[in-house]
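**Q** Once you've looked at the hints, dock chain B against the given chain A.
Protein chains in written order, with the numbering used here: chain A, 77 to 455; chain B, 275 to 423.
Bear in mind the hints are in silico, worked out from the structure with no lab data behind them.
The beta-carbon is built from N, C-alpha and C at its ideal position, and this holds for glycine as well.
Incomplete in silico selection of chain B near chain A, CB under 7 angstroms:
1. V304
2. Y307
3. L330
4. G331
5. K385
6. I386
7. N387
8. P389
9. S391
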Amino acid sequence: MRNCFLIITLIYLVTGCQSETSQAVILEETKKEFMLLPDSSLEKFSSLSLFYTRDGKSRIVLYDNLRHAVLFFDETGKHLSRVILEYPDSIPDAEAVPFVKALSADSILALWPSMRCVYLYGRNGKIIRKFDATAELKDKQKNYSLVAMNMSPIAYDGATIFVTCTRLDVVVRTKEARQIYYSTPPDICINLMRPERQKNTGTWPAEYKSGASYRDFYPQRCVNDKGEIIYAFSASDSIFVMKDDKIISRHFCKSKFMTQRHFFPDDSIGHFSYLDRYDVTEPRYITIMYDPYRKYYYRFVTHTIEFEKEDGLTVNTIFDKPWSLIVMDKNFKILDEIIFDNKKFLPAAFPVREGLLIRKRQETVMMPPITFSLFKFAE
Amino acid sequence: MRFPYLIFLLVVLIACNDSKQEIRDQTTVVFSYYLKTAFADSIPDKKHVYILIPKLGCKGCRQDALNELQQQLVNSGEKNYTYIASPSSESTSTLTGHGIFRVDSTGLIDKINLPVSNIAILKTENGKVISLVSIRSETTDSIGYYLNH
Chain A
77 MRNCFLIITL IYLVTGCQSE TSQAVILEET KKEFMLLPDS SLEKFSSLSL
127 FYTRDGKSRI VLYDNLRHAV LFFDETGKHL SRVILEYPDS IPDAEAVPFV
177 KALSADSILA LWPSMRCVYL YGRNGKIIRK FDATAELKDK QKNYSLVAMN
227 MSPIAYDGAT IFVTCTRLDV VVRTKEARQI YYSTPPDICI NLMRPERQKN
277 TGTWPAEYKS GASYRDFYPQ RCVNDKGEII YAFSASDSIF VMKDDKIISR
327 HFCKSKFMTQ RHFFPDDSIG HFSYLDRYDV TEPRYITIMY DPYRKYYYRF
377 VTHTIEFEKE DGLTVNTIFD KPWSLIVMDK NFKILDEIIF DNKKFLPAAF
427 PVREGLLIRK RQETVMMPPI TFSLFKFAE
Chain B
275 MRFPYLIFLL VVLIACNDSK QEIRDQTTVV FSYYLKTAFA DSIPDKKHVY
325 ILIPKLGCKG CRQDALNELQ QQLVNSGEKN YTYIASPSSE STSTLTGHGI
375 FRVDSTGLID KINLPVSNIA ILKTENGKVI SLVSIRSETT DSIGYYLNH
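So that you can see chain A by itself, here it is in the shape it has in the complex (with noise of 0.2 angstroms):
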C-alpha cells in the first residue's frame, strides 16, 4: 500500500515537472522579406536599432556612416524620413561616427566617440541638450568615458537612460585588475528631465567578480514595459532584474547549447590568432530582447564550432557559428530554444506586432544590403 503511494506520487511528479518545462514555440518563416534602402547609394551604416512609437508600432533606425544621416524606416522597410546630425563642436574629427539610440523621430540620442555626455537631437537635426556624466563611480572616482554599442545599447525606461561607463584607470590583464573593474557596476543611468540624478548603477554576475577573463566587459541589457532593467552577460546563464538600483529578482536561463565555458589566458592577450580563435570556438550569449506585443524575453546564443574548417586550408568565422534563440516568458521561464539556418540568418532580430523580423545573412555584415525576414508565432 505504502509502495503504490510513493509510485503514484512519483508518477505526479514527474508528469508535472514536464508540463512544467516544455511548452513549444513555434515560429514560422513567411514568404514576407523587405529590404532598406534597396535603390540608394548607402555604403555603410552603424547603431541598426527599433524603437516603439506611443501608439504602439515599431520603428527601424541605422545611422549613414558616410552621409552622417539617421534614416528611419516603419515596420515594413517603408522609408519615413532622414535626419542629418550637427556636430557638436568638441568633435574634432569629421569621420567620427556617433552611437544613436531613437527615442521617438523627434528625439535622438547621441554618443560621440570618446566622450562623457549624450547629446539629444531634435527632428531637425540640431542639439537641443547635452547630458553630462558627472556621477562619481562607486569607489569614488571619475576617471571613465561612456561607450555603447549594438551588443550593448543605450537603455530607456521612460524616464532614465543607461549608458555603460567603462573605467580608464584600470587595464584589464590581471586577475586583480578585472576584479577591481567587476567591482563598479556597469552603467551610469542619468536622468532625462533631472540629468543631475544620476548615479553608477547595474550588475555583474558572480562569474566575473571573482576576477577570471571571458574577454566581456560590457553588459547586455533590456528594458521591459515596467520599466524593470534586465542584465545578461555572454558568459553567464543568470540574467539579473533591476529596478531603482535594486536586484529585485536573479534566474538561471542556460542555452541547452551551451557547452563548456573557457578562461581567456592572461598570457594571450593581445595574441590576435588566438584571440580570433577564441572568439570562434567560444558559446556565447550576444544579445538580451524584450518583446512588447507577446511579453516575451528572447536570449540570442551562438554556439561553439571548431576553428579549422574541414579542409583545413581556411578558417570559420564568428558568422559561421551556429545559433539559437532562447524564448522565454514574462517570467524568465524558458518556453523554447530555437535554432537556426545560420547560413541564411543573422543572430539579429526586431520584434514587431506581426511576428520577428530576423536579419538575412549577407558577406558583410555592417555593409548593405540590410535584409529582414518576417518570421509569425503559431497560435
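**A** What follows is chain B alone, placed relative to chain A:
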C-alpha cells in the same frame, strides 16, 4: 649507462624537428592554396619574402610594424618582396619601396588557416615556406632579425 639517455634525447630532438617540418609543410600547403586561389599564382623557387597584412590586429601596432619593416627593407637592400593586404586593412596607404603590392580583393587572406595578425613575415624558398612570424607590438624591434635569419 648514459647511452639510453642519449638515445632518448636523440629521439626527442628528431621528433621536435619532424614536428617543425610538419608545420612548415602544412604552412606550404595552405599558402600555396592561398596564392593559387586569390592570385592564380604559386610560391616561387627563388627566395622571396611575403608581408601579409590581414584585417586582424591592432591598427597602431600594425602601423608601427610597417614603418619599422620598411626601414629594415631599405637597409637590407632586399627587393624580392611582396605585400599582400586585406581589403579591410587601413594601414596600406603609406607603403613605399621596391616590392610588389597586392590587395587581396577576395578577402581570403582573412580566412586562411595561418596564424597571421597585425603583419606577418612569411619567407619562401624552392617553392616552400621556410618561416612565418606574426609581429606583435613586443616584437616590432625584432623585425630586422626575422628578415635576415
